[in-house]
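There are 6 protein chains.
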Amino acid sequence: MTTDRVKTGIEGFDEMLGGGYIPQTANLIEGAPGTGKTTLGMQFIYNGIVKFNEPGLIITFEEFPHQYYHNAASFGWDFNQLEKEGLLKIIMTSPEVTRQDLENVGGIIETQVAQMGVRRVLVDSMTHFERLTQNATDLRQIEYSFINALKREGLTCLLTKESPALLGDAPEGDSEIAFVVDSYAILRYVEIDSAISKAALILKMRGSDHAKEIRQYEIDPQAGFQLKSKFEGQEGILSGNPSRSKVDAFDKAFIE
Amino acid sequence: MTTDRVKTGIEGFDEMLGGGYIPQTANLIEGAPGTGKTTLGMQFIYNGIVKFNEPGLIITFEEFPHQYYHNAASFGWDFNQLEKEGLLKIIMTSPEVTRQDLENVGGIIETQVAQMGVRRVLVDSMTHFERLTQNATDLRQIEYSFINALKREGLTCLLTKESPALLGDAPEGDSEIAFVVDSYAILRYVEIDSAISKAALILKMRGSDHAKEIRQYEIDPQAGFQLKSKFEGQEGILSGNPSRSKVDAFDKAFIE
Amino acid sequence: MTTDRVKTGIEGFDEMLGGGYIPQTANLIEGAPGTGKTTLGMQFIYNGIVKFNEPGLIITFEEFPHQYYHNAASFGWDFNQLEKEGLLKIIMTSPEVTRQDLENVGGIIETQVAQMGVRRVLVDSMTHFERLTQNATDLRQIEYSFINALKREGLTCLLTKESPALLGDAPEGDSEIAFVVDSYAILRYVEIDSAISKAALILKMRGSDHAKEIRQYEIDPQAGFQLKSKFEGQEGILSGNPSRSKVDAFDKAFIE
Amino acid sequence: MTTDRVKTGIEGFDEMLGGGYIPQTANLIEGAPGTGKTTLGMQFIYNGIVKFNEPGLIITFEEFPHQYYHNAASFGWDFNQLEKEGLLKIIMTSPEVTRQDLENVGGIIETQVAQMGVRRVLVDSMTHFERLTQNATDLRQIEYSFINALKREGLTCLLTKESPALLGDAPEGDSEIAFVVDSYAILRYVEIDSAISKAALILKMRGSDHAKEIRQYEIDPQAGFQLKSKFEGQEGILSGNPSRSKVDAFDKAFIE
Amino acid sequence: MTTDRVKTGIEGFDEMLGGGYIPQTANLIEGAPGTGKTTLGMQFIYNGIVKFNEPGLIITFEEFPHQYYHNAASFGWDFNQLEKEGLLKIIMTSPEVTRQDLENVGGIIETQVAQMGVRRVLVDSMTHFERLTQNATDLRQIEYSFINALKREGLTCLLTKESPALLGDAPEGDSEIAFVVDSYAILRYVEIDSAISKAALILKMRGSDHAKEIRQYEIDPQAGFQLKSKFEGQEGILSGNPSRSKVDAFDKAFIE
Amino acid sequence: MTTDRVKTGIEGFDEMLGGGYIPQTANLIEGAPGTGKTTLGMQFIYNGIVKFNEPGLIITFEEFPHQYYHNAASFGWDFNQLEKEGLLKIIMTSPEVTRQDLENVGGIIETQVAQMGVRRVLVDSMTHFERLTQNATDLRQIEYSFINALKREGLTCLLTKESPALLGDAPEGDSEIAFVVDSYAILRYVEIDSAISKAALILKMRGSDHAKEIRQYEIDPQAGFQLKSKFEGQEGILSGNPSRSKVDAFDKAFIE
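Chains as they are written, first to last, in our numbering: chain A, 1 to 256; chain B, 1 to 256; chain C, 1 to 256; chain D, 1 to 256; chain E, 1 to 256; chain F, 1 to 256.
Think of the hints as simulated: they come from the structure by calculation, not from any bench. Some clues are possibly wrong.
Copies of the same chain are indistinguishable here, so a pair counts whether it falls within one copy or spans any two.
[Stated by the list, open to error] DSS-like, lysine-lysine: derived pairs with alpha carbons at most 30 Å apart:
#1 K230 to K151
#2 K212 to K84
#3 K84 to K228
#4 K51 to K228
#5 K230 to K212
#6 K84 to K230
#7 K212 to K228
#8 K151 to K84
#9 K230 to K51
#10 K51 to K7
#11 K51 to K84
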């Protein structure tokens, strides 16, 4: 069953996803600044090209392509070269232009997909769609249409979303996009033992089983997104300020 | 007494409902993204058809019918075939159109109910009614009229509602629909032992006894909504960040 | 002193009220959906008629009379028959109409009271007055005038009020009606031992002593509102997420 | 030094105030519905008349005089008779009218003070001034002028203020009146041992020492406001949801 | 180094400030009603005159000068006499007038400083500047200009600021003035052992070391602001609802 | 690899940054009033000049240059002299002017950089950009353009940002600037043992590993920003109100 999954190529993360993403789905990654959303997205695209022979597209609404070259290069990924080889395309555009492009026959994205054989797309980030409207219902319809247009092109989509809260959840569900995507992963800062760890969790995955555990991860300056072991003996990890669970604390104090 | 209940056919869940839903009632299921509201609703419709010989209707305000075919198929439920056999009808529409349709004699829904003998309806989701008005009082009257119109057609209704908060309650009661429905169930994410569990609870059920306990459940990729055992030794489950209760913690640490 | 009280006829609840409500007072019952506000109100009216020979009036701003017949019937209370016998009157109206009616000599309510000898009234619910104005001061004056008009008719009033928060208090005091009523009771959901209990508390009662303890209760599908014993060994019940008190936890763990 | 204090005549409360209120000061009592603000105020006026020979004035912005007669009578205080004897005057008015009255020479209040020899005034409640303006700065100036006008008449003022939160503090300081009064007492609900207690605290008292401890009190249906002992072994009383302090809990569990 | 400090003359407080305030700086004191901001300010001015021979100025935006005479007299400080001797000047004005006065050559404040040799100024309170504008940026510029104008006159400034929260921090940083002053002290209510203590803390002091510890203090009816010992064995003092720290609690329970 | 880093010259802090800042990056320092943002920034500029021979620029939107001279002098840094030597330039300007200046060829900043060979810039503070627009999306684009313009000049940027909350996180992510910078450090007040400590943490650093631990620091009146050891045995440091972790507390109480 996992043979037809779209693998991220990130050890452990594909296992959390039950083998990888399901083809032609929209997959959301949400996190605070510095949690590695874009790194995870770049790695999804890079591994797609070099490990699974699937050309990729990056749609960016803020950062210039050279910033991606620069950031990718620090992990040893030569995005500039891949683009020259016709395996990667980075498009800097705006949500407005992208929407219209996808509605037209023969738009840029459709053309790239046809010519390059693009299979994966990173949209960095969905947060920029919020500039299009103040109305939550309109925003949801725009995002839903956009996502479906990408899926109709045959693409497996990784969508990043910025979380406004540093620790724990955002104070209110500021976007309803989590309801319309096919999978939803959250990246969180967690304070443990007077240091900051990072936690990854798959909250939702339509049509597939997935891991329920909260896993530690690091952004390795060489290797990128690296999953570590599950957290142990902590309560309230997703609040960002966990405390050692009582049973574990007693064990540590009296038995060990 | 339970003989005339409208059973969901989900083991354990009917028992929580005191035997099943009461005929011609409106029953609300509320949950965050990925908690399985739609899966529970589809299962209510599917089991109605194949186990209890009750044709069903799905009214959707966002997802296309093929998305339901796709999602249902992953659980082994052939919605496409059921629709061909005249046992299921999926109507993609808008809250505006549906309201008017129900006010007219001979509207689409009334016609379907008459022709197909529909007994159950899934409305996915009530959250889309919020686009009709910014006024909470108007919204409540619209929702109340809509629900009563469905009940007058003789339908037992399962209504989904999206919760904007990932963990715990929504920061404010963003809709008053819970006051006008006949039963109200909530689905919640719960962090326990560094992993995410799911919790189901029946909060309200007019004219019937119902289970008061908070039960674990899973969305099984083959079988759908599956109830598990009651939570044990936890305090604050509905907050999403429970802690092991002190008595239980002492027992675990010193006695076990 | 308790001989002239207006008894609810609910075992234990009258004791909490120091013998029952004081005649010609306005008494508020506030609770979240499913806590049994309306059931308590119907029982106050029903017991008034059948146990204390006091005809009753129900003023509803949303539900149809047949919904009350239906709900009451599930408890074995034949409201339809009582209405035929001239002992009960259910008036479905609007806050606007009711205000005007009470200001006129010979209005409907005044007439009903005179003809039927009505002594008790249930207003279900005061929350609907909030549609009349966005201004908190105006709302308060409207509610105060309405309550006084009912009291001038010689009625003992039970007023329901919806609480927008599922667990614990509403985030802000969304209505000032609690300041103008004569008594104020709150109904709350409480999570204990991984299940949901219900808690009742009399917070305020002008001109009378009343119970200060927080009591458990259930909505029995046959008997209606049923008071149970006081909570024991819990801290923070009214927050909805209590924890076992430390002393009690130590006792349970080490001594029992 | 305490000889020239304006005593409330409430045992224990005068001691908390360092002997009583200071003459010609404005003294604020804030509390949630049912905490007994008005009872305390009536008792201040009643005791002034019958124990200390100081005629009193009650300015009310909502309740009718007969409501005060009624409420006072339940404590055995015959306000109607005192008014006939010229020792008490209850004026039902509006904040607007009162402001203007105090600005005029020979206004009603000034006249009453001169004719009756009024020494004490209860203003019930300052919350109604909030209807005069939406602007916090304007409100403060209005309240400050009003208070000073009363003080210039030689009156010792007890001002009630409604707290919008049932338990704990109001979510924001909704009025700045606490900064301009001479003393500030708060009345709070406190949940202890699964019951509701009431707590009184003097937070501020210009020009005098005062008790810092948080005292329990009850509203006795015969005697009115009655101070009880200090709370013991509790942390977080003013939050409304205190917990037994750890030291006290250990003592109770292991030593007692 | 401490020789050229502007001493408050309050025992312990000058030590917390590293010897006293630095000359020609703006120093903020923030606190809830009753925490003694104005008392501390009056003491700073009074001690300046009688202990350090530095004439003082009090700028008030609300209270009349006689209120300061009255309040000061209760501590035994004869402000009326000091004003007659030309050592103190109390100016009751408005933020608008004060701003203009400071911009003009030969304004009242400049004149007073020149004639009296004023060295210290108390501004009571900065909160009244908030009436000048709803715009946070404009407010900040106004406050910054005002503060600099006072400093250019050679004055060492003590500025009071009202905190809208009774316990703990204000829900949001309602003013940015803390960023523009040279030192920032906060006064807080703290509930400990079922009583209310007061806590003082120096949070910021440009160009100087200062105490980091949280100290208890009292407003003594004779002596004014009196520093007491550091808090001990408490966690979360600044939240207003501290709890005894676990280590301390264990020690108390088992060892003492 | 660390040889080409832009060192702050602050012992320990460069190690936290994996050797120092990366050249031509924008680096954010966020903190409450008094946490030492500006001191850290001045030290970055001062050390750049005297230790690493890199001329520096300070762009200030509020404080006058002489205030920087004064503040720097208290640490023994002679900014006035450095400016005379052409190694430092302090520009007091507005966000509006700075934006335009950077868009023009031959603007002041460009000219200074060319003439002085400026390598480092301190922008104090980015918070003042918020006055330019109420629209979060516009603000983000303005800030992003500004930052990129500075980076195009070849500068390594240290940007300060004011945090509106005294303890813990700001209630909402009031600015999205953290998403667009290359590194993000936060400075926090932390209450421990009844005193206020300060905590520094690097949350994000693009293209580099960095320390994850939360370190104590002090603002030394002679030496400026001084890193201390890691916190130990505390939970919830970033909340500002940590508690001793249970394991640590047990150890302290029973074993030590």
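Checked hints:
1. K230 to K151: neither (32 Å within a copy, 39 Å between copies)
2. K212 to K84: neither (40 Å within a copy, 37 Å between copies)
3. K84 to K228: neither (34 Å within a copy, 49 Å between copies)
4. K51 to K228: Intra 22 Å, inter 40 Å, cutoff 30 Å: intra-copy only.
5. K230 to K212: both (10 Å within a copy, 18 Å between copies)
6. K84 to K230: Neither, since 40 Å and 47 Å both go past 30 Å.
7. K212 to K228: both (15 Å within a copy, 15 Å between copies)
8. K151 to K84: both (26 Å within a copy, 26 Å between copies)
9. K230 to K51: Within. Shortest intra-copy distance 26 Å satisfies the 30 Å Cα cut-off; inter-copy 41 Å does not.
10. K51 to K7: The answer is within: 9 Å in one copy meets 30 Å, while 38 Å across copies does not.
11. K51 to K84: Within one copy only: 18 Å inside, 43 Å across.
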